[in-house]
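J.: Sequence:
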Amino acid sequence: MDHSYRPSLVQKDALGSGVLPFAGSDLVLSPSQWSSHVVGKISSWIDLDSEDETLRIDSETTLKQEIAWASHLSLQACLLPAPKGTSCANYARCVNQILQGSNNMQLWLRVPLVKPDDDSMDAKSVALVDSWETWNSFRLLCEHHSQLSVALDILSTLPSPNSLGRWFGEPVRAAILHTDCFLTNSHGCPCLSKRHQSLITGFFNHSIQIIVSGNSVHPKASVDANDNSGTNSQRHPLRPYLDYIGYLYQRMDPLPEQERFELGYRDFLQSPLQPLMDNLEAQTYETFERDAVKYIQYQRAVSKALLDRVPDEEASVKTIVLMVVGAGRGPLVRASLQAAEETGRKLKVYAVEKNPNAVVTLHALVKLEGWEDTVTIVSSDMRHWSAPEKADILVSELLGSFGDNELSPECLDGAQRFLKQDGISIPSSYTSFLQPVTASKLYNDVKAHKDLVHFETAYVVKMHNVAKLAPTQPVFTFTHPKHSDKEINQRYKKLNFIIPNDTGSAMVHGFAGYFDATLYKDVHLGIEPSTATPNMFSWFAIFFPLRTPICVDPGSTLEVHFWRCCGSTKVWYEWCVASPASSPMHNSNGRSYWVGL
1 MDHSYRPSLV QKDALGSGVL PFAGSDLVLS PSQWSSHVVG KISSWIDLDS
51 EDETLRIDSE TTLKQEIAWA SHLSLQACLL PAPKGTSCAN YARCVNQILQ
101 GSNNMQLWLR VPLVKPDDDS MDAKSVALVD SWETWNSFRL LCEHHSQLSV
151 ALDILSTLPS PNSLGRWFGE PVRAAILHTD CFLTNSHGCP CLSKRHQSLI
201 TGFFNHSIQI IVSGNSVHPK ASVDANDNSG TNSQRHPLRP YLDYIGYLYQ
251 RMDPLPEQER FELGYRDFLQ SPLQPLMDNL EAQTYETFER DAVKYIQYQR
301 AVSKALLDRV PDEEASVKTI VLMVVGAGRG PLVRASLQAA EETGRKLKVY
351 AVEKNPNAVV TLHALVKLEG WEDTVTIVSS DMRHWSAPEK ADILVSELLG
401 SFGDNELSPE CLDGAQRFLK QDGISIPSSY TSFLQPVTAS KLYNDVKAHK
451 DLVHFETAYV VKMHNVAKLA PTQPVFTFTH PKHSDKEINQ RYKKLNFIIP
501 NDTGSAMVHG FAGYFDATLY KDVHLGIEPS TATPNMFSWF AIFFPLRTPI
551 CVDPGSTLEV HFWRCCGSTK VWYEWCVASP ASSPMHNSNG RSYWVGL
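Heads up, the sequence shown is in the working numbering, so the first residue is 1 and it goes up one at a time.
It is possible that part of the hints are untrue.
[Stated by the list, open to error] With a straight-line Cα cutoff of 30 Å, these simulated DSSO-like cross-link-like pairs (lysine-lysine) come out:
| id | residue 1 | residue 2 |
| --- | --- | --- |
| 1 | 390 | 521 |
| 2 | 493 | 304 |
| 3 | 482 | 493 |
Derived by calculation from the structure, the hints in this document are not laboratory data.
Please build the complete structure, drawing on both the sequences and the hints.
T.: And the structure:
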């Protein structure tokens with residue numbers, strides 16, 4: 001589009017129509033090239049909230065004309081200029097109209113990455129607005145539309161790490177890196193500060209495209225590059241900057257095997273398992289059985305329990321009764337027998353499994369390994385089985401992403417009757433944890449269902465494009481064996497999360513849940529971020545969404561209430577936010593999401 005074009009200045013011809021001053025025809029590229037190689041850039045002069053009515057109307061007309069042209073070309077995305085002032089209501093209204101009638105084209109709102117430093121009270125700093133606030137206003141006016149994204153303008157100074165972190169939970173599609181961000185190395189070539197390098201690496205990890213913008217301020221690098229190219233063709237003046245970005249990308253550590261395995265699951269919502277109501281499929285068993293780290297931890301725990309249970313002098317004469325409740329296809333049976341071999345202790349194993357399909361595989365495994373004299377297979381629900389003798393050790397792997405969400409407490413309550421008075425349960429305890437998160441993609445994926453049920457369901461998800469807004473806090477703890485029959489499995493917890501001052505304001509889309517379990521004494525496993533067991537992939541986090549996201553201010557307290565409720569046929573969670581604003585009660589009476597007993 002011609003930079004001097006203004007709709008109000010166009011002279012209409014005799015038929016009352018004017019030809020739009022586009023740069024060229026759509027034949028310059030093929031349709032597939034337009035859709036896969038080009039992002040449209042909307043004229044930067046437009047100001048849809050200008051006090052000047054002519055400019056405002058010209059801006060509206062031009063925006064719609066340019067979007068229509070981009071749509072005609074089947075562009076995947078268009079870059080919108082940053083809002084000019086603090087008010088952006090009319091701009092957002094027009095963009096929302098476009099989004100409502102749009103095909104699948106993404107609109108990237110350009111937002112400068114600035115946040116005033118709270119410690120600095122000079123006039124320049126006070127005049128600055130936290131650009132996240134601008135984005136948030138715009139996004140709210142556009143009703144969290146899933147096709148509205150952000151293109152961040154990266155400047156030479158960066159806000160605090162906490163302030164930067166919240167953007168990783170927002171729909172950032174591109175980062176525009178200005179040439180004046182670059183420093184000069186000893187060879188006269190462009191380079192970036194350590195903080196900028198770290199930020200760019202973070203963008204790479206989140207599949208955010210990097211765009212280099214501005215005039216070359218490293219002429220020596222451009223001249224050297226042309227001299228070394230060996231051809232007469234002039235290289236692009238920004239090529240040295242792009243080469244440096246490429247160098248940063250090449251320098252990144254390769255993804256570990258576990259991360260590569262989990263790539264396809266990133267930010268993909270899955271319904272949690274219903275292991276009591278449903279029998280697991282072979283594929284699900286196989287996935288869990290591949291998690292070697294988990295079974296190494298279990299083997300360590302059983303070994304320690306065996307050594308505590310049987311002194312060396314009794315090792316040859318005393319046989320320990322060990323029951324694996326929920327044996328599946330046998331990985332815990334194998335881990336327990338390996339622990340017995342490792343410690344030189346004698347073991348008698350009962351493998352209790354309710355899934356008749358898994359029992360078939362268990363029988364084949366016992367026969368194959370020659371365990372017939374050691375392992376007794378019981379095809380029964382642990383809650384209803386009458387054991388012929390009591391166990392010294394009870395081993396189970398009934399934990400879900402939130403610890404108790406796959407009904408481990410209820411199952412082990414039912415199995416506790418065949419554990420000796422001084423018997424050992426592995427795990428011996430587990431605690432769930434929560435933290436508030438910005439998770440724009442997860443929120444939009446839930447919102448796409450357009451119903452209440454999905455907003456009141458907890459999801460298992462490999463969280464990636466998520467900003468964690470405060471440290472985790474413990475929620476519910478269960479200990480086994482229970483020391484009192486009066487102890488019930490209903491729980492309630494009030495949590496107060498404090499948003500760090502230097503984060504700036506942020507949007508809470510929901511809560512990430514984790515667990516940490518003590519298997520036996522100092523042997524633990526879990527997914528709570530600060531203590532997570534390395535290289536273990538059996539569990540992803542759990543996500544509890546909020547029907548309406550809540551904006552939190554820096555330094556403010558987010559008050560959250562969580563309940564674990566028990567009925568005769570089901571167990572469910574209810575949750576709500578009480579401050580800084582009240583949310584509705586989620587999942588009242590388990591109306592949307594529950595785990596069946």
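J.: Need the status of pair residue 390, residue 521: alpha-carbon distance at most 30 Å?
T.: Measuring from Cα to Cα gives roughly 22 Å; hence the hint holds.
J.: What's the verdict on residue 493 and residue 304, does the C-alpha distance respect the 30 Å limit or exceed it?
T.: Given pair residue 493, residue 304 is violated - Cα atoms ~33 Å apart, limit 30 Å.
J.: Is the Cα-Cα distance between residue 482 and residue 493 30 Å or less?
T.: Distance ~20 Å between residue 482 and residue 493 Cα, so the pair holds.
Hint 2 from the list above is the single one not met by this structure.
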